[in-house]
Amino acid sequence: MTGKNAQNCNTNYLRYVRALDPPTKHFKNCLSAFGVGGLICTIGQFLRYMLGFAGLSGDELAGAVSVILIFFGCLLTGLGVYDRIGRHAGAGSIVPITGFANSVASPALEFRTEGYIYGTAAKMFTVAGAIIVYGVFSGVIVGIIYYFI
Amino acid sequence: MKKGNTLFFKTRPRIRSYAAICGSKEREGVIGEYADITLSDDMYGESTYEKAECKMLSNAISLAVEKGALTDGDIDVMLSGDLLNQIISASFAARDFQFPFLGLYSACSTMSESMLLAAALIGGGFARNCVAATGSHFASAERQYRYPLELGCTRPPQSQWTVTGAGACVISADVGDIAILNATLGRVRDWGVSDVNNMGAAMAPAAADTLIRHFKDTGEQPSDFDMIVTGDLGALGSRILKDLMWEKGYDISPNHVDCGEMIYKVIEDEFQGGSGAGCSAVVMNSYIFTKMSAGLYKRVLFAATGALLSTVSSGQGESIPCISHAVELLSLSNGNGAAP
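Going down the list, the protein sequences come from chains A and B.
Count the first sequence with the working numbering and you get residues 897 to 1045, in order.
Count the second sequence with the working numbering and you get residues 25 to 364, in order.
Think of the hints as simulated: they come from the structure by calculation, not from any bench.
A quick note: this is a predicted structure, and the numbers were derived from the prediction, not measured.
By construction, the Cβ of each residue, glycine as well, lies at the ideal position given by its N, Cα and C atoms.
Among these hints, one or two may not hold up.
Quick look at which bits of chain A chain B covers, simulated, 3 or more residues with Cβ under 8 angstroms [to be verified]:
id, stretch
1, 906-919
2, 1026-1037
In silico BS3-like links for lysine-lysine, alpha-carbon gap of 30 angstroms or less [stated by the list, open to error]:
id, chain 1, residue 1, chain 2, residue 2
3, B, K289, A, K924
4, B, K315, B, K240
5, B, K34, B, K91
6, B, K240, B, K266
7, B, K240, B, K91
8, A, K921, B, K27
9, B, K266, A, K921
10, B, K315, B, K289
11, A, K1019, B, K75
12, B, K322, B, K272
13, B, K272, B, K91
14, B, K27, B, K240
Pairwise CB distance ranges (calculated) [claimed, not checked]:
id, chain 1, residue 1, chain 2, residue 2, range
15, B, V199, A, K921, 48 to 58 angstroms
16, B, Q340, A, F930, 32 to 42 angstroms
17, B, E57, A, Y1012, 36 to 46 angstroms
18, B, Q340, A, I1027, 49 to 59 angstroms
19, B, L320, A, F1021, 52 to 62 angstroms
20, B, D198, A, K924, 57 to 67 angstroms
21, A, L916, B, D248, 23 to 33 angstroms
22, A, A1018, B, E57, 14 to 24 angstroms
23, A, T920, B, K272, 24 to 34 angstroms
24, B, G339, A, I1028, 12 to 22 angstroms
25, B, Q340, A, Y1012, 45 to 55 angstroms
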């Protein structure tokens, strides 16, 4: 709030509003996040075993599992299913790599109407950009700490 | 005539005709059977949601003009606005018509603002027939104000669901069953709520301010009305409004109705109910005007509420200034009309 309006800020009212806030169902949310997140990871692990039998190993195996999960994340986003899962699962479907795929694919789809360059391509990272920037940044910090200890 | 911030229309401008279009989720609710067109496909046969919103608004306007047995040439001006940047839906819809256009922006209170201005133009003798219209679309509002549709994020329990729909009415100098008696101009109120997911709490003080000034200026009491209709406060905002009014000595709980609270039948992802410019536009132009035309509701006070924020202001941590304009409506029908 600026200038004269700062004094209008009604702290009593804000306290009253906060008291009325419907409670977030932490237990239920955590449970569904655990269930869905766990399921996605189990599918990943299953793919790992299967591809291991098929003869892949090391980086190739890790890469192949990620690619398959990303593919299904994007596919479910395109089919309009992933947002329904995410609405209930919360972090359970946001944190795994499928959630990252969803955060790239959904703005790409949304802004397609503005063209493939200024829409899809330019807006693709509106959500994921923050994840990439701070992911890389915290990676660097952790790397520096690791170097010294 | 003017007293305080309330305009009294001596000539009693009438609502000649009205039309509403609503989306697939809305037609499941109470307004489904009252709306003129209900969409099974929220794209409305268009390639983008913005075009669909524009088409809904345009069709609602032409339908209202048609139902009033008027042609484009009879309309003096169209007053309209919507939620999108640069009010593109309203101005793009206006290119389909031959009459002049005045663009308004008052967020979700556009319906009452446009009715108020139309009544003032007619009361002042500057126009005979005016169109007041507005609309919104869930998908286009989501894209502008929140996240991409397909992004898998959770909605907080305070949040509301933008209504897909458009409503239009023709306000006329002499013909019509519903008269506009007076209207109170809104003041922008900001009590410091900055949570963009809690619009009801942000808008309730503006609604309370307008209603109280309306009661003071007109000397009426809440019990004089069959219905006090607010725009899109939602369940939480309605509760806050009742508390705020109670504190000032007005008990509106027996006859208060909120368009956002009543529009959806099953509360699933909508949580607190509907919001958006289309919310009050659709409910008023279908359910409430139909009931008023039939004489089932005699006297209705309509106060739509709007949150005047943008993604830039909320990103910069500003609180949410809100506004509410009130319009008092009287049914001239004798009450013998067959219940629809």
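Hints, verified against the model:
{"no.": "1", "hint": "906-919", "verdict": "holds (count 10)"}
{"no.": "2", "hint": "1026-1037", "verdict": "violated (count 0)"}
{"no.": "3", "hint": "B:K289 to A:K924", "verdict": "holds (24 angstroms)"}
{"no.": "4", "hint": "B:K315 to B:K240", "verdict": "holds (27 angstroms)"}
{"no.": "5", "hint": "B:K34 to B:K91", "verdict": "holds (26 angstroms)"}
{"no.": "6", "hint": "B:K240 to B:K266", "verdict": "holds (17 angstroms)"}
{"no.": "7", "hint": "B:K240 to B:K91", "verdict": "violated (37 angstroms)"}
{"no.": "8", "hint": "A:K921 to B:K27", "verdict": "violated (49 angstroms)"}
{"no.": "9", "hint": "B:K266 to A:K921", "verdict": "holds (26 angstroms)"}
{"no.": "10", "hint": "B:K315 to B:K289", "verdict": "holds (19 angstroms)"}
{"no.": "11", "hint": "A:K1019 to B:K75", "verdict": "holds (20 angstroms)"}
{"no.": "12", "hint": "B:K322 to B:K272", "verdict": "holds (26 angstroms)"}
{"no.": "13", "hint": "B:K272 to B:K91", "verdict": "violated (42 angstroms)"}
{"no.": "14", "hint": "B:K27 to B:K240", "verdict": "holds (10 angstroms)"}
{"no.": "15", "hint": "B:V199 to A:K921: 48 to 58 angstroms", "verdict": "holds (53 angstroms)"}
{"no.": "16", "hint": "B:Q340 to A:F930: 32 to 42 angstroms", "verdict": "holds (36 angstroms)"}
{"no.": "17", "hint": "B:E57 to A:Y1012: 36 to 46 angstroms", "verdict": "holds (43 angstroms)"}
{"no.": "18", "hint": "B:Q340 to A:I1027: 49 to 59 angstroms", "verdict": "violated (22 angstroms)"}
{"no.": "19", "hint": "B:L320 to A:F1021: 52 to 62 angstroms", "verdict": "holds (54 angstroms)"}
{"no.": "20", "hint": "B:D198 to A:K924: 57 to 67 angstroms", "verdict": "holds (58 angstroms)"}
{"no.": "21", "hint": "A:L916 to B:D248: 23 to 33 angstroms", "verdict": "holds (29 angstroms)"}
{"no.": "22", "hint": "A:A1018 to B:E57: 14 to 24 angstroms", "verdict": "violated (44 angstroms)"}
{"no.": "23", "hint": "A:T920 to B:K272: 24 to 34 angstroms", "verdict": "holds (32 angstroms)"}
{"no.": "24", "hint": "B:G339 to A:I1028: 12 to 22 angstroms", "verdict": "holds (20 angstroms)"}
{"no.": "25", "hint": "B:Q340 to A:Y1012: 45 to 55 angstroms", "verdict": "violated (31 angstroms)"}
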